[in-house]
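Chains A and B supply the protein sequences, listed in that same order.
Numbered per the working numbering, the first sequence spans residues 381 to 742.
Numbered per the working numbering, the second sequence spans residues 171 to 347.
Hints listed in this document are in silico derivations from the structure and should not be mistaken for laboratory results.
On a predicted model such as this, the values are computed, not experimentally measured, just so you know.
Heads up, some of the hints might be wrong.
[To be verified] According to the in silico footprint, chain A covers these stretches of chain B (three or more CB under 8 Å from chain A): (1) 210-224; (2) 247-260; (3) 282-294; (4) 298-310.
Glycine residues also receive a C-beta, built at the ideal position from the N, C-alpha and C atoms.
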Amino acid sequence: MRAALLLLFFVGACGPSLEATNYLRFGIGGDGEYYVSPESMGTMQDLEAVSGSLGTVHQGGLVTMNAQGDTFYEGGRAMRVDFDVDDPMTLTAVPLDEQGLVLWSFYGHLEDLAGELSDHGFDRDVFFPIDAAWTPVLPDAMLEMLPMENAAYATAGHFFILLQDLISKDVPLAANAGIVRHEFGHAVFHWLTVGDTLASSPFGAGAQSESSLFYTSLHEGYADSFAALTLDDPDFFAASLNMPARDLSGDHSVATVQLPAEFLATADEELLAIWDPYPLGTLFAATAWDLRLATNDSAQALASLTTAVLTWTDQGDLGDAWGLLDTWVEQAPAGPARDSLCSSAERRFAGAHTVAACGGVR
Amino acid sequence: MRGWLGLLLIALLPVGTAQAECPPVAPAVGVALGTVALHVGSGEHPLAPMVGAWGRIPLGAACYLEPEAALAWRSEGGEVASFDRRFYRAAVGLGCSAGTRATRVALSIGPSFGYRFTGIDGMGAPYKARSFSPGLRYRAGFLVPLGQRMQLDILAGGSTHDRVFDHDLLLQGGVRW
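Next comes chain A alone, as it looks inside the complex (with noise of 0.2 Å):
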């Protein structure tokens, strides 16, 4: 009997005695701002695992990628994030750290971001659920040498890898909504270019085509108009990174910005060239918010984007970023929407492409 009740008491775990009904995150407010306050449980079915309808997060285990860019992920274990209940007025769960706290905050930006996708015209179940991998081991050497400081979404696999901030800052980037929304973006834009979360990326895994790096950045641009039109906030890295050059109301042009085919001719003479997609898909995601300013109207910007992207990947050429700006420009509406993106193309690309559709409007 003495032998028991010891073994009770080793293992015994003293959890919160009342039942949550909201858990404590972070969350923008009406200013704009990010605000720690306890949000309602929604679809968050189990606090302690990080886990809900939407998906769960895992933590650890080993993402593996195969010659077509396939993703796959194995071995995750089950969060443990301890945390409290301890007003029974609000009977809000309270993180006892505050990887919890930025673990919960990950989840509650997508449950505020499925509660949108019909207003966007998209289909929840398309995308949801949707799981998560705390720092694992990835298959990458040169993602291993950066282990720290970044998110992604796994293309095929259809999951979110998230990795610890090297640095603490005021909002961490696995809680900040721009950059959950940025990464689901990427969800989008593979659904919308391939049909299906599942199906391999159009381009194998470390292709170094024109195309292949064309395609690669409009992803991230796609990916930032979708997290800054439906945060309605160009600069959404703002709350956790200093980034102006993904500040998408900033004066980006293609002056400034390597393409895909002088990248290529030089790659060959350096040792670890890598190219970066991120200042060409900034200029299209740039283009974006300039629609959105120029109609007020950020829903109706991201519809337009989408619904180019859909009839540029009809086209066949998933490769060709000019034919979506140009296929961008031929469905907009004649009037403010499309001398918006006349204008945008002519500001920001100019000496790159021209729009021949906007030969006549302008």
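Guided by the hints, dock chain B onto chain A, whose structure is given.
Then chain B, alone, in the frame of chain A:
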């Protein structure tokens, strides 16, 4: 890390200067200083400083009972949500040692009780969380007498709470008699 630990142990080994008339394990009390790797929700173990007090009650020539109490603290977060975390632990270990009078290798195990408190300042909005956790305390290391009156031990170990672990490395200094 292992290299540094090895150098530290090599430095400690010749330091043991117990006299022949001293028992291998003597009654002692003292303070502890070191670091603890505290488990967090994501499964990682960020480091925090740890201080504590300890005592040793001999049980025969080589074994002992060692009550200890420790406190660790860690601040984290940013302007939007700043965390003030405290970790208190009380434990009693039953240990045994082997070796020379100058330096002994020791192992101990016993029950522990942890109390965690976290205060979150959400830009003026305060939130609190507490957790009580019984668990298992386990340690291994070296007991090094310094003359007849002083004791310096280096012990690595950890404790469980719920289904997870914390790890610590403590330097214990004290008086023996």
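For each hint, the structure was consulted:
1. Closer than 8 Å: that is the beta-carbon criterion, and the stretch 210-224 of chain B has 5 residues meeting it against chain A, so the requirement of 3 holds.
2. Chain A is given as covering the stretch 247-260 of chain B, and this holds because 7 residues of the stretch bring a CB closer than 8 Å to a CB of that chain, at least three being needed.
3. Counting residues of the stretch 282-294 of chain B whose beta carbon lies closer than 8 Å to any beta carbon of chain A gives 5, which meets the minimum of three for the stated coverage.
4. Counting residues of the stretch 298-310 of chain B whose CB falls under 8 Å from any CB of chain A gives 9; the rule of at least 3 is met.
When the structure is compared with the earlier hints, no violation turns up for any of them.
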